[in-house]
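Q: Residue strings, one per chain:
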Amino acid sequence: MSVNSEQALSPPNLSTPGERFYLSLYRIRHVENEIARIYPSDKVKSPVHLSIGQEAVSVGVCEALEPEDTVFGTYRSHALYLAKGGDLRAMMAELFGKATGCAKGKGGSMHLIDVPRGVMGASAVVGTTIANAVGYAYAARLQRPGQVVVSFFGDGAVEEGVYSESLNFAALRRLPILFVCENNFYSIFTRQDRRQAQPDICENAKRFGIPAERIDDGDVGRIHDATRRAVRSLRSGDGGPRFIECQIYRWKEHVGPNEDFDLDYRSRSEAEPWFDADAVTTMAETIDPDVRDTIEGYVHREVAEAIAFAESSPLPDPDELLKDVFG
Amino acid sequence: MSVNSEQALSPPNLSTPGERFYLSLYRIRHVENEIARIYPSDKVKSPVHLSIGQEAVSVGVCEALEPEDTVFGTYRSHALYLAKGGDLRAMMAELFGKATGCAKGKGGSMHLIDVPRGVMGASAVVGTTIANAVGYAYAARLQRPGQVVVSFFGDGAVEEGVYSESLNFAALRRLPILFVCENNFYSIFTRQDRRQAQPDICENAKRFGIPAERIDDGDVGRIHDATRRAVRSLRSGDGGPRFIECQIYRWKEHVGPNEDFDLDYRSRSEAEPWFDADAVTTMAETIDPDVRDTIEGYVHREVAEAIAFAESSPLPDPDELLKDVFG
Amino acid sequence: MRETRRTASYVEAIREATDQEMSRDERVILFGLGVDDPMAIQGTTRGLAERYGPDRVFDTPLSEDAMTGVAVGASLGGLRPIHVHIRMDFLMLAMNQLINVAAKSRYMYGGQVHVPMVVRSMIGKSWGQGAQHSQGLYSFFMNVPGLKVVAPTTPYDAKGCLIEAIRDDDPVMYVEHRILHAQQGPVPESPYTVTPGRARVTREGADVTLVGISFMQLECQRAAHYLEDKGVQAEVIDPIWLSPLDVDTIIASVAKTGRLCVVDNGWTTCGASAEIVAAVSERIGAQRPLSVRRLGFAPSTCPTAPSLEASFYPNPRTIAAAAYDLVEGTEVGWLPEERAELTDVEFKGPF
Amino acid sequence: MRETRRTASYVEAIREATDQEMSRDERVILFGLGVDDPMAIQGTTRGLAERYGPDRVFDTPLSEDAMTGVAVGASLGGLRPIHVHIRMDFLMLAMNQLINVAAKSRYMYGGQVHVPMVVRSMIGKSWGQGAQHSQGLYSFFMNVPGLKVVAPTTPYDAKGCLIEAIRDDDPVMYVEHRILHAQQGPVPESPYTVTPGRARVTREGADVTLVGISFMQLECQRAAHYLEDKGVQAEVIDPIWLSPLDVDTIIASVAKTGRLCVVDNGWTTCGASAEIVAAVSERIGAQRPLSVRRLGFAPSTCPTAPSLEASFYPNPRTIAAAAYDLVEGTEVGWLPEERAELTDVEFKGPF
Ligand SMILES: Cc1ncc(C[n+]2csc(CCOP(=O)(O)OP(=O)(O)O)c2C)c(N)n1
Ligand SMILES: Cc1ncc(C[n+]2csc(CCOP(=O)(O)OP(=O)(O)O)c2C)c(N)n1
Ligand SMILES: [Mg+2]
Ligand SMILES: [Mg+2]
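Chains as they are written, first to last, in our numbering: chain A, 1 to 327; chain B, 1 to 327; chain C, 1 to 351; chain D, 1 to 351.
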C-alpha cells in the first residue's frame, strides 16, 4: 500500500461503526505504545498514566457522543482525549513540553485539554473534575439544552467526599450528565475492597436516585450501547443524571511505561482474562484485513508525524512563564 | 415541699427508668427555657442553638450509654452535653463567658466539652465531628475494647463529603461507633428535599453496608431501645458501625431563643403533631406526681444555682488570651 | 470616585451591584447556602431569587467542596457564578477547588479557558463567634497566583468592587466583614467599577502611615482621631484590593512618613500585613531606616468570652498607641482614654 | 548537634525515626495512602507495616478530609497518629480539619484536650510535576496559631525533627521536599530530637545573610560558593522550624551583615519569606537601613515544560546574583557561569 503524505494525514473513509471503533481503539493503543517506547529516552519529561487495556471505555462512550458534547477526565486521559477527537499533535507536543502543546507546554500529560473538541480538562487531584463536570452540566442545561456532559473518573474517586457531594447535586437538579466510573479495581497498588466498605459502585450511585448500569467485561459494544441509551435520556430533557460503571483492567504500572506484575500486589493470572478480552484485538478480528491495513497504516503515519511534530516544535518562549496567570 | 440547700444539689433518688428519663428530659428543657428567658438580657454573649423539642434524641441515646462511652456533637449540643452527664454549672458559666466555664470561657455554646463525662466536643462547622468521632472510635478499638463512641449530627451534615468519607472508613474498619442523625428536616431554613436528591437517610447509610434504623416519631423509649440494641452489638466486638436516624422537630428558630413560624419557611401546622408528641410532656404524664414534684423542684434549684454560679463566676484572667494555644 | 448624593448601606450596595449585573448579563448566577432564604445573607441577596428565578439564584446542599467545583465548572461552561459563604471559615472546605483548580485552570490549560467566578465570604466578629466563625484567611488566597482578592470597606467600594469582580474574567475572592454590613455611605445608583490594584489614601498626614484592611480601615480612621490629641498626623490608606496589591501608593506614603503600621483582620504571621511590610521594606528599606509594625489578631485562637475577645483584636486605642510608639521611636506606654464617639458599633445577633 | 560516624539518607532518617518512635510508644500509629504499598512512600515507611501490623500501619481510602478528621479524633482518643500525604497539594482537601479543628481544639476546649498528630507531606519538583504536584503551601499553616511547622533539610534534622514532632503534644506539619529524599548525611543511630524554634547557622559570613528554607537551603549553600568568586562571604541560615520561628538567630546575623535574602520553596506573597523579612524589619529596621530581598516561586502556576520550569524556581546562580545585588546596593546584572559541581541533582521518576 502506498499513499502520498497528503492522503496519509486525512483519515481513511470508513463504512461501518466497527471500523470507526477500531480506528479509535487502535490509534489510542498505538499512541500509548509509542509513548512507552519513547519514554526511556527521557524526551517525555512528564509522568504518564497510560490507559493501555482500558481503551474500550473511552471509545465506547465517546463514539456515542456528538462533537459538541463535553467530557472531563483525570490524569489518566490520553485515551479519553483522543477518543473525543482531541488533537493528537497538540497532545504529543504537550507531553514533550513544547509551545505547540494543547496547553502550550504548561500542563503536561495530566492536564490535557481541547476546548473545540469538548475535552474540558483533567486534574491531577483525584475527584476534582467530577464537580467541575457537574457545574458545566448546569451551564449546559441553562444555555445549551441538549448538550450532554460526561464525567470520567476512577474507582478511587468514589471515596472522595466531592464524589458524593457532586452526585447529590447533579441528581437534585436533574442535570444532563453521565457519570462514567472506570473501575480498574485498583488505586495505585490498593485493591478496591481494601478501600471501600461496600464495593458495589452501582449500588452506591443508586442511593442518590441515579440509574446505574455495570458493564463488567470491557466490551466496547456494550459500553457503547449503554452510553447511547443514557445519552438519549439525557438529551431529551429532565430525566436527571445517568451512571455507568465500566469494569476494566490496567495493563501497565499506575504511572510509567512498564508492567508491574513483579511487585506482587496483583498477579498476572488476574490479568490474563483481561488480556484475552482485549478490545483492540477482539475488534481487529471483525475488520476486513484490507481495511485494517489501511487503518493501521494511517495510524502509524499519523502518530509518527505527530511525534515528529512534537520533536521539532519550539520550546515555549521564556516570557510564557508569566503569561496566562490572569486574563 | 421544702428541702435544704444541701439536699437540693444532690439529685433525687429515682426508682424507675422512666423517672430517670424524665429527670434528664425535664432538666434539659428547663435549662434551655431558662437560657431563652435570660437571653434578651444579653448576659449570654454567644449564639445559642437550642434543642427544645429535640431532647428525646440525646436522652434516649445517652441513657443507653455507660459513663466511659464517648459522644461527639454539633453546635446544637446543650441537650447532648447534659444528657451525657456534662457539668451543668460549667456549661452555664461557659455560655456566660466565665473562667469557670467548661472551656474556660474560650469556646462558648458551640464548643461544649466535658472530658471526664465522655463529651468530647462539638464543632461550629457542620460535619467535622463525624470524622473525629470515627478517629476516636479507632483509638477506642485499639486501646479500650468495649468502649462505644456515638457521633451526633443533623440532616444537613449528610450532604457534606466528610460524612460519606467517614462512614466508609468506619464501615471498612468495622469500628465501634453509632451514628445518630438528628433529622429535624431543616438546615436553617432549607427543607431536606430541597438539598437531598434522595432524602431517605437510612438508605444512604446502607450505601456503606451499615445497618440503619429510623425512629420517626421522636419517642424516647423507641430511641432508647434502638440504641440499646445497637450498643450491644457495638460492645461485643467486630460487628461494625450502626446507624440510627431520629426524626424530630426543632421548635425554636435555628439560632436564638424565639419561635420563627412567622418567617413562613415552615408552618405551625407542620409543627403541631410534634408539639403534641412532646417527649417531656408525654413522659411527665407517666410519672407519679410526687416524684415529678421532687424532680422538677430539684431541677429548678439546680438550674437556678448554676445560673447564679455562672453570674458570680469571675471573668477569665486577661493572660488567658494567649494560653492553651500550645501545650 | 464618582460623586453621588445617594446614601446606602454596605448590604444594599452589594445587593444592588448583584442585581444590576444580573440584569445586565444573564450569564451571572448566584448561589450558596441561604441566598434565597428569609435572612437573604444579611439582606445582600434580598429579592433576587424572586426576580431572576430558581435557575439563576439558588440555595445549595451543604457541600462547599463540590459547590465550589460546580462554580468552576459552570464558569468553564460559560456562566459567571457568584458563590456566597456566610463564613470565611467554611472556605477551608473548598480549598482544593479554589487553590488547585480555580486559581490554576487558565494557566495549566495554556490560556484556553478562564474561570470568571466570584466567591463572597464573610468574616465574623464579636458576640461569641469564637474559634470557627471569626477568621480572616485571605492571605491564603493572596499567596497563590491566579486568584484576585478584594476586601472593600465602604459601601461605595462594596458596590464598585463587586461589579468589577463579576466582570473580571478571573476568579475573585470578595471578602466582607460582618460589622461593615451596617455601614452607610454614598453609593451612586448607576453601575460603576473600582479598579483592581489601586489603593486609596483615605486621610492625609505626614507622621505615620496606617494601612487598615477591611474593617480595620475603620479602626484606623478612629485611631487617627486619637493620634490628633498627641499632635500626630496619621496618613491612612485603604488597599481595597489585596491582590493585585497597590504597593506603590503605600510606598509613596511611607517614603514621606518613614513609619508604617499595617492593621489587619487576620493573624500577622504570613498574613496580609507581613506582605505589605515585606514589600515596603524590600523596595525602600535600603534607602533609610524604617519603623514598621504589624497589628492583627492576637497569636491565639479567637476566644468567645467578651473580656478575652476584646484583646484578641486591635482597636482604635491600641492602634493609636502602637502608631505613637513608632513616632516616638520607643515604647511610650500611652493608651488614649476611650472616647464614646470613636467606639465601634457592637455587632449583635441575629447570628 | 550530636556526633556520629553513620551516614544515612533522608529517607532512611525518616524511616528510622518512625520505627524507633513506634517501638518506643505503642500509641504511635502511621497511616496514609500508600504507607504499606511497594513504594512505601519513597521508602520512608518500608517494613513498618510488617513490623507493627495493620492496626498501627495502614493504607486508607482516598478521603483526605475524613482521614485528617480521623487523625484528630484518634489523637483525642489517646493515639499519636502520623498521617502521610505524598503531595502537599492534597492537603487542600484537609484544610477544614487542619485549620478549623486540629489547630484550635486545645484552645477552644480550654486546654482540656490536645491533638498530638503529625502530618507529613511532600513538595514535588521537576520532571513535569506541574500545577498540582509542586506547591509549598506551608505559609498557610504558619499563619494559624495552634499548628507547628517544620521543614528539615538534612537527614540529621529529618530524623531529629520527626522524633520531636511525634513526641510533641500539638499538631505538627512536617514538610518534606522530594529532592531532599536522596540526600545523604550523618545520622546518629539512637533517637534524638531537634528542638523547635531554633535555627541553625550553616555557614558563617559577614556580607549578606541567606535564609534558605527546606530544599532552598541547599541552593543557598551552592549560591554561597558562587558568591565566593566575587569575594562575598554569605552567612547561611536554615530556620528548620517555621513555626515556632527563630527570628533571633536571623536578626543576629542581619544585624551584622545589614543584608537579608530569604529564599523559599513557595510563592513570596504572604509566604514564609514575607514573614521573615517582615519580622526582621519590624525588629531592627528602625535602627539602620536594611537591604532585604525575597526569592521564591515565580508569580505563576508551576509549568511542566522544563524550559519554563527552570525559571519558575530560584537556583544557586539566581540566588547568588540577587545576593550580590544586595551587597552592591544596585542591580549589577552579574550571573555566575554554571559550575557542574554546584548543579542540582535532577529528580526523575518513579513519579
Ligand atoms: C486527592 C488525591 N489523593 C491522592 C492522590 C494520589 N493518587 C494519584 S492517582 C491515585 C489513584 C486513583 O485511583 P483511581 O481513581 O482508581 O484511578 P486509576 O489511577 O486507577 O485510573 C492516587 C491515590 C491524588 N492524585 N489525589
Ligand atoms: C460547613 C458548614 N457550612 C455551613 C454552615 C452554616 N450552618 C450552620 S448550622 C447549619 C444547618 C445545619 O443543619 P443540620 O445539620 O440539619 O443541623 P440542625 O441545625 O438542623 O441541627 C448551617 C448550614 C456551617 N456551620 N458549616
Ligand atoms: Mg482505579
Ligand atoms: Mg437539621
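Hint data in this document are derived by calculation from the structure and do not stem from the laboratory. There could be a bad hint or two in this list.
To be verified - Derived pair list, reagent style DSBU-like, types lysine-lysine, alpha-carbon separation capped at 35 angstroms:
#1 Lys252(A) x Lys206(A)
#2 Lys323(B) x Lys43(B)
#3 Lys252(B) x Lys43(B)
#4 Lys230(C) x Lys230(D)
#5 Lys206(A) x Lys206(B)
Q: List in ascending order the numbers of the hints, as given earlier, that are violated by the structure.
A: Per hint list: single violation, 4.
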